[in-house]
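Number of protein chains: 4
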Amino acid sequence: MLTNLQFDESSLTQRLMNFRREFHRYPEAAWREFFTTSRIAGHLEALGYTLCFSDEIIHRDAIMGRDETLVAQAQQRAMVWGADERYMTRMNGITGVGAILDTGKPGPVIAMRFDIDAVEVMESQNDSHRPRFLGFASLEPGVTHACGHDAHSSIGLGIAEILAANTSQMTGTIKLLFQPAEEGCRAGKAIAESGWLDDVDYLFAAHIGMNVPSGTLVCDPQHFLCSSKFDLHFTGKPAHAGIEPNAGHNALAAACTAVTQMLAIPRHRDGMTRVNVGQMHAGDGRNVIPANAVLMGETRGENRELNAYMFQQVETIAKAAGQMHNVQVEIRPQGEAIGLENDVEMVNLLERLGKPSGFADVMREKDFGASEDAGYLVDRVQANGGKAVYCLIGSDLTAGHHNGDFDIDESRMLPAVRLFLNAISSLQRESQLNDASQ
Amino acid sequence: MLTNLQFDESSLTQRLMNFRREFHRYPEAAWREFFTTSRIAGHLEALGYTLCFSDEIIHRDAIMGRDETLVAQAQQRAMVWGADERYMTRMNGITGVGAILDTGKPGPVIAMRFDIDAVEVMESQNDSHRPRFLGFASLEPGVTHACGHDAHSSIGLGIAEILAANTSQMTGTIKLLFQPAEEGCRAGKAIAESGWLDDVDYLFAAHIGMNVPSGTLVCDPQHFLCSSKFDLHFTGKPAHAGIEPNAGHNALAAACTAVTQMLAIPRHRDGMTRVNVGQMHAGDGRNVIPANAVLMGETRGENRELNAYMFQQVETIAKAAGQMHNVQVEIRPQGEAIGLENDVEMVNLLERLGKPSGFADVMREKDFGASEDAGYLVDRVQANGGKAVYCLIGSDLTAGHHNGDFDIDESRMLPAVRLFLNAISSLQRESQLNDASQ
Amino acid sequence: MLTNLQFDESSLTQRLMNFRREFHRYPEAAWREFFTTSRIAGHLEALGYTLCFSDEIIHRDAIMGRDETLVAQAQQRAMVWGADERYMTRMNGITGVGAILDTGKPGPVIAMRFDIDAVEVMESQNDSHRPRFLGFASLEPGVTHACGHDAHSSIGLGIAEILAANTSQMTGTIKLLFQPAEEGCRAGKAIAESGWLDDVDYLFAAHIGMNVPSGTLVCDPQHFLCSSKFDLHFTGKPAHAGIEPNAGHNALAAACTAVTQMLAIPRHRDGMTRVNVGQMHAGDGRNVIPANAVLMGETRGENRELNAYMFQQVETIAKAAGQMHNVQVEIRPQGEAIGLENDVEMVNLLERLGKPSGFADVMREKDFGASEDAGYLVDRVQANGGKAVYCLIGSDLTAGHHNGDFDIDESRMLPAVRLFLNAISSLQRESQLNDASQ
Amino acid sequence: MLTNLQFDESSLTQRLMNFRREFHRYPEAAWREFFTTSRIAGHLEALGYTLCFSDEIIHRDAIMGRDETLVAQAQQRAMVWGADERYMTRMNGITGVGAILDTGKPGPVIAMRFDIDAVEVMESQNDSHRPRFLGFASLEPGVTHACGHDAHSSIGLGIAEILAANTSQMTGTIKLLFQPAEEGCRAGKAIAESGWLDDVDYLFAAHIGMNVPSGTLVCDPQHFLCSSKFDLHFTGKPAHAGIEPNAGHNALAAACTAVTQMLAIPRHRDGMTRVNVGQMHAGDGRNVIPANAVLMGETRGENRELNAYMFQQVETIAKAAGQMHNVQVEIRPQGEAIGLENDVEMVNLLERLGKPSGFADVMREKDFGASEDAGYLVDRVQANGGKAVYCLIGSDLTAGHHNGDFDIDESRMLPAVRLFLNAISSLQRESQLNDASQ
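Chains as they are written, first to last, in full-length UniProt numbering: chain X, 1 to 438; chain E, 1 to 438; chain Z, 1 to 438; chain U, 1 to 438.
These are calculated hints, taken from the structure and not from any lab test. Here the structure is a predicted model, which means the values were calculated and not measured. Just so you know, not all the hints are guaranteed correct.
Identical chains blur together in the list; that is why a pair holds if it fits in one copy or across any two.
Unchecked claim - Straight-line alpha carbon distances no greater than 20 Å define the calculated EDC-like cross-link-like pairs of lysine to aspartate or glutamate that follow:
| # | residue 1 | residue 2 |
| --- | --- | --- |
| 1 | 105 | 201 |
| 2 | 366 | 345 |
| 3 | 355 | 410 |
| 4 | 366 | 68 |
| 5 | 387 | 198 |
| 6 | 355 | 55 |
Build out the structure end to end from the sequences listed, making use of the hints.
Listed below in structure tokens is the structure:
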């Protein structure tokens, strides 16, 4: 144990589990995490952290994939569940909370990011599903923590407690970001653009699971895909399909044309690209030329240029499909991920601390192969001269991410807490040594 | 006034209005008319009619466009609204009721058909909408009597009352059919195949409105379109759209291919054809190759051969679109209309009785230009040697059929009742004269 | 026989046959009738007619479907066949000839139109094909008179001879138009716009065959379809399909999109519409993103508005398909037909003269069901206050029009000559009587 | 100079140039190399080689992309150009020639393959194009040696001469294969399956140019793409597009559907895939539902499984597109390339001999990124226990391969001859040493 931070591990283990199970019972999807934010804020404020909400941590103009109607419903439900009205007011419709612990002593600004949203998946009704037979299954049909963000939030609170209890031994400033709307890569850009991380020297982020087994730490995951999530809204003109089909402007036909053509965007010389239309909903009646259609889609590329190529083609196709059918088309961005490149010395730090923190196996690289909006945060910190790292905390899973049977190995939260505390200690000590040597 | 049937017109006018407004408040869409059927059955039984339900009037195997889940919800709601449990039991899940009045005297079997279902349209919230400011607007959001079947049901009950009160002066048998699920042409075939109308000598049916002004009777509407309503269900295989797009079987892509190709079915030498896909719903997530898609469509033709040509092409296209994308396709019939040809002597009878029944204007022919599943009933009666007529009862409307602002001219129900009573009297007298002369 | 024009019928019969068989041997497709024009011009000039060529009878800017390369080849071939260089010079690249016979006496201007082009069809190689075993089969592989315009031209020359021989008994002016490029409706508009027919009081035109048997005259054929013929040229950008598919702009893909969508132009409330893409030629290599594509298509409608609706949709679709694939699109009109409405008194005239001219059966109306660019000429004459008629001269056929086995009943040319001579006489006499009575 | 084979370099240089310029003047595309084969055969026979033709070197059933009509035209032209009738007879319609030199002494069987076909590209008319101003430009419009196979053939003849003149100093057997139809990967499979190479111990093949500059040798090019070339033939049923569009079976519409869907074959998890439709030709007239369509396409994949995935999807789509439009579909293979893996010791041999043979720069690896049907030959030799290598002979080019302005650096043929002679000497000596040491 490198750290000089003191805590009772068995007590922390219990608290991490309690946190996680409460979050699991009250899952809230992206931009709807009002109860979750309220609970986290309550703990943090009690620990003495200074809290930041809403415009302080999120630039409204850069928000993607947020639906006012769903937000309003989520606010009502959060009040029913017992959210704190003070925090509801401070959130002002925008979820998530940032917490600052200023030691008053000179030292680095170290930030950690924990994402808090659940996914819109129906949790398993199977009796063998642990959250079910242990009684902490989701109270909200169709929403569940099937990606492990309940664990991320809990790890964050665990770290917050230890840090608050050890302020005297620390230096510099700690910033803990409990981020909303990671799913669909909807919030990263807006958080980065808020500037809240602009003074950060070191940023840590992590994901539990991700096909990494319990006991393993991956310090430098590779191949974060760039991606653009979008909705296409087609608006035509209805007409009676029997009486005067010529009078309609067929939004469904335009949408089908767009889908077929988007799937046929040429492959690119420079590498991997992807496009998908995951959903279509169109029309209101059987005998009416359909006047509306919505597509939900995404592009990906193994670098920014490739994703930009794909998305530009989507735009061209959507526009032309509209013109072809005399239908209005609107492209509404719903999320965006850029790549993510860890800083080598941060990777080295984690690699060094892995085993002492309790990981049996420490891997340097492993393919990530998905998208993460932490990329925006990492990019912002690095652009301002800071350093950042995103790692994977191994956990055996009962089913894949976003599957209703997903469950984590709760015992894996503790080593994650140890790892980050050790990293903080190490960086603070290093900073003191540097200052002393100057 | 040709009839010898006695009734107080002002009292009847009031009762017709009361019936209509109650039906209007409790609208139920196709195959969900449990409360409506229960209310009608109560009146008819009280009047002494013998009632027929379920398999007696409807051949289950020929039912189209009926959804068990929606039916179960409708049954619950009907009980809440106060449906009679005895009738609920007799219906056994299948709405509609047939009523028989046997005079015990020799004479013709005369049938009348009244359709009772509402449409899935949101009723106008406008204060100037009469059902709203007079307080009989729909109690069920998203469903309303915007096609006038509330008036049809009321006319049926009005006729039932007068006939029951005048049994001694009548001969032969009267059969009143309160038909469910006319919208979408979903029940006609199943009723015809039940055989309930097989002994009918004369069948009458009518529609109120249909662009015919108040005071006008159209005796022989022309050009009933043949039509097939269908749902296409595509079932593929999901896969992560980023990680292994090749592993999915894309149901949405198959559906889009099918739509595009169906719209391109060649025009036909022999006359007017139509095809429409009014709705598509596909996929569950943004980043998953969509594994399911449902299309709701219809074909039309100005005769049976033309509609058959169109529907056969739809089948070919749907099947091939499935094979192209390695996706299962199922075609589920949702409704069907064949043509409708009135018998000349029935048209002549209505033409003769129109003015004496109170119509200011009697037109022989007018384009219908839509579909009606009464065609199946007319066809069945004619196939068994009977005669049939379907006419239009003029009514000024506040908006087109299936529009939320639709409202009828309630005063137009009375002349319809008179017309059919006169027709019954006339046919019964004629039958007696024929018998006497033999 | 009403006419006072004198001629030896058996000699004329022989000459008509000789003309027809020569035209048949030397078939020339649309805008390539140099030898044909030269031969006709030679006869007409010898008879004393004043000849008009090129811009005198055809407005260049309104020419459609003319290919300079094919024209140049045809000019060379015509010279090989023995065309008269003087006429080649006067044609100046534009085929067809107008002939004027001015009697010097006051009287009506009467015009007749005869179309002279062959079709691009391979003539039957079958020994039983009459032109083959009698030795007057086409000398040009792939081109033949399979539409009967060889007969039309012959009838025109026959009439020209009789008229020239009887000038003293005639009044007013005769204008004989030997029109090029009727196939594909390519010349009608350009001739109309030249103004050559603007002084015409009466215009006659006819077609032989058209499913009308030998001995029958149809005076007023119905339902001439409006039609637009067009080529679509797509120009993209080539790229190696293996190395950098993303660098290409795929003209073939754009053309396929356009085809699929054009076939799906919605049917129209107001009546019959048609669209066809009859040919596509695209690309140069197997492994190159195709950078060029040409579509040859047509729209039709049972009236001008319906054809305009179809053509406007084609334009919209073509343009959008180009934008979708980043490909240039050019629409090149290739032909156009408008409707054709005969004048009642002209129809009456033919009806009266039919039997006296030798037709055993005279029908007033029969469905035409195709397109004719005579519509432009008729329309122009009528717009200037003249009257016009287009009739069908029955002829048993050995195969349908545009079929390689097509052959006419040559004996049917004589009654056509008689009919038109009688009509001219009748109109001239009528004009004299009118003048006298004033 | 490692070789003990004697020859006059300046004389050889001249002869190589003469050969190359003659081949360049008389270019013949794939399966049409009758004159080329005849000329090569003449030289080889004069040098004493035993010649093998037709079924001896090519398995007819595995031939792809050969058109009988084009072959017949090419045979006529070859006779006009002066092909030797004896070789024409021995070819029996199948081009290419194999030559055997048996030293009568024990030793290895060493084979070399030279491809001889030209490409269907129009040669530059530009005066600065060297073959033009030096007077050896293509005599056949639309065909030219724009891929360098004229040089390959010349190198082959050069080697043949030296070997024949030095038989006494050699051991074992030499087999020289002058292969037809390499373009489009049409002959490789058929040659492999003939078994002619089954006794070969060592196989050499090479390509000039390929973005490798003059003076450089690439010993082990990487990433030969697997590819399938195919034609799709759609056969429908014609119908008059105006009169009865419903009666047609639209082959063009089916082809367009197939194209659009083939371009949308999902990308594959495992790596690079490609699909292209390079050409479409469909239909005969403007106003006829097109009854025929031909597509020319290809798939590629970075390994056999990926190419098989693509081609299987093409088959599925083509078949379904046919069913959708009631059109017959036939897939005709036109060419096929599998991967190509050099043997390490052969690569080492070339690497060692490169500089002594006159190459200034010797690279081991470079991306090939295209397809080569030498893969079939290499695969066959390796399957029978032999070893093979395919290398790149650098040459500055005036334009890219398959471009009309393409020209090679003729001085680069000599080092290629030296390299292969050295390799033969080296292998024969090594074999003798091995035998001696046993």
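Consistency of the hints with the structure:
Taking identical chains as interchangeable, the C-alpha atoms of residue 105 and residue 201 lie at most 20 Å apart only when both belong to the same chain, with a minimum of 15 Å there against 78 Å between chains. Taking the shortest Cα distances, residue 366 and residue 345 sit within 20 Å of each other inside one copy (17 Å), while across copies they are farther apart (34 Å). In this assembly of identical chains, the alpha carbons of residue 355 and residue 410 lie at most 20 Å apart only when taken from the same copy (19 Å versus 64 Å across copies). When the C-alpha separation of residue 366 and residue 68 is checked against a cutoff of 20 Å, the pair qualifies neither within a copy, at 38 Å, nor between copies, at 50 Å.
For the homomeric pair residue 387 and residue 198, the shortest alpha-carbon distance inside one copy (11 Å) is at most 20 Å, but the shortest distance between copies (62 Å) is not. Proximity of residue 355 and residue 55 under a CA criterion of 20 Å is satisfied in neither setting, with 39 Å inside one chain copy and 69 Å between copies.
Violated hints for the displayed structure, listed by number in ascending order: 4, 6.
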